[in-house]
Amino acid sequence: MLVASRHIGRFNADGSIDGSFHQPVLLVYRSNSNPDIIPEAFTVNLQSDGHILIGGDFTDIDDAPPNPPGPALFGVARLNSDGTVDNTLTTTHKTGFDVSPSSFARQADGRTLIAFVDIGFTFGDPAIHHNYGRLLPDGSLDTSFDPLASLPNGPATARGFTTLPNGNIFGWGTNDQTGNFGYNVLLPDGTVADPNYHSDP
Numbered sequence: 504m505l506v507a508s509r510h511i512g513r514f515n516a517d518g519s520i521d522g523s524f525h526q527p528v529l530l531v532y533r534s535n536s537n538p539d540i541i542p543e544a545f546t547v548n549l550q551s552d553g554h555i556l557i558g559g560d561f562t563d564i565d566d567a568p569p570n571p572p573g574p575a576l577f578g579v580a581r582l583n584s585d586g587t588v589d590n591t592l593t594t595t596h597k598t599g600f601d602v603s604p605s606s607f608a609r610q611a612d613g614r615t616l617i618a619f620v621d622i623g624f625t626f627g628d629p630a631i632h633h634n635y636g637r638l639l640p641d642g643s644l645d646t647s648f649d650p651l652a653s654l655p656n657g658p659a660t661a662r663g664f665t666t667l668p669n670g671n672i673f674g675w676g677t678n679d680q681t682g683n684f685g686y687n688v689l690l691p692d693g694t695v696a697d698p699n700y701h702s703d704p
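Residue 504 is where the sequence shown starts when you use the working numbering, and the numbers rise one by one after that.
Rather than coming from a laboratory, the hints here were simulated on the basis of the structure. The beta carbon of each residue, even a glycine, is placed where N, CA and C say it ideally should be. It cannot be assumed that every hint is accurate.
Label pairs and their computed distance ranges (CB to CB) [said to hold, decoys possible]: (1) S647 to D585: 31 to 39 Å; (2) D589 to L690: 25 to 33 Å; (3) F684 to S523: 38 to 46 Å; (4) A696 to S643: 35 to 43 Å.
Sequences are here, hints too, so could you generate the full structure?
In structure tokens form, the structure reads like this:
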């Protein structure tokens, strides 16, 4: 069993700590604007190849090469099955301010859907894609996936999604203008499958 907060750990079936898992996996938040932010992982995704994808409010992870300080990073990291950091994953994404991944969903082609809990941007950096994004297998952001261009009724704070048997994506969250819960079906490229699909107004 994996647990995630400021540290990432793994337990055996009897509840004892798995000593073969790299200890500790420590998350770090580096910020010029607020040094008191406490790093935290919000979501963990166990991949079929044994790798572990983690996301949350952090900029660095203990033994990975450090990213430059600043608030324009969101926390995504991938661990090997033994808990060491997979440094082949691209982890620096200058795409938003105070943006934290809240949910992952793997697609059959190896890309990873990612939901964010806040929209924001820094001067000179574009806003993220409507709080929904997609990572390529190397961790870089898939710029072809852009729900912002087609989702109606303003920005949405993403809460999660799932892939459907036909490859479409069912996503849900809250509307940032009304606060109402909303949901929709997206095509694999991020565009809305049916503009007349009923959602919470």
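Okay, D589 versus L690 on CB: inside 25 to 33 Å?
30 Å, holds
S523 and F684 - C-beta distance against the hinted 38 to 46 Å
Since the Cβ atoms of F684 and S523 sit about 42 Å apart, the hinted range of 38 to 46 Å holds.
A range of 31 to 39 Å was offered for this pair. Does it hold for the Cβ distance of S647 and D585?
34 Å, holds
The hint says 35 to 43 Å between A696 and S643; measuring C-beta to C-beta, is that right?
26 Å, violated
Checked against the numbered hints given earlier, this structure breaks only hint 4.
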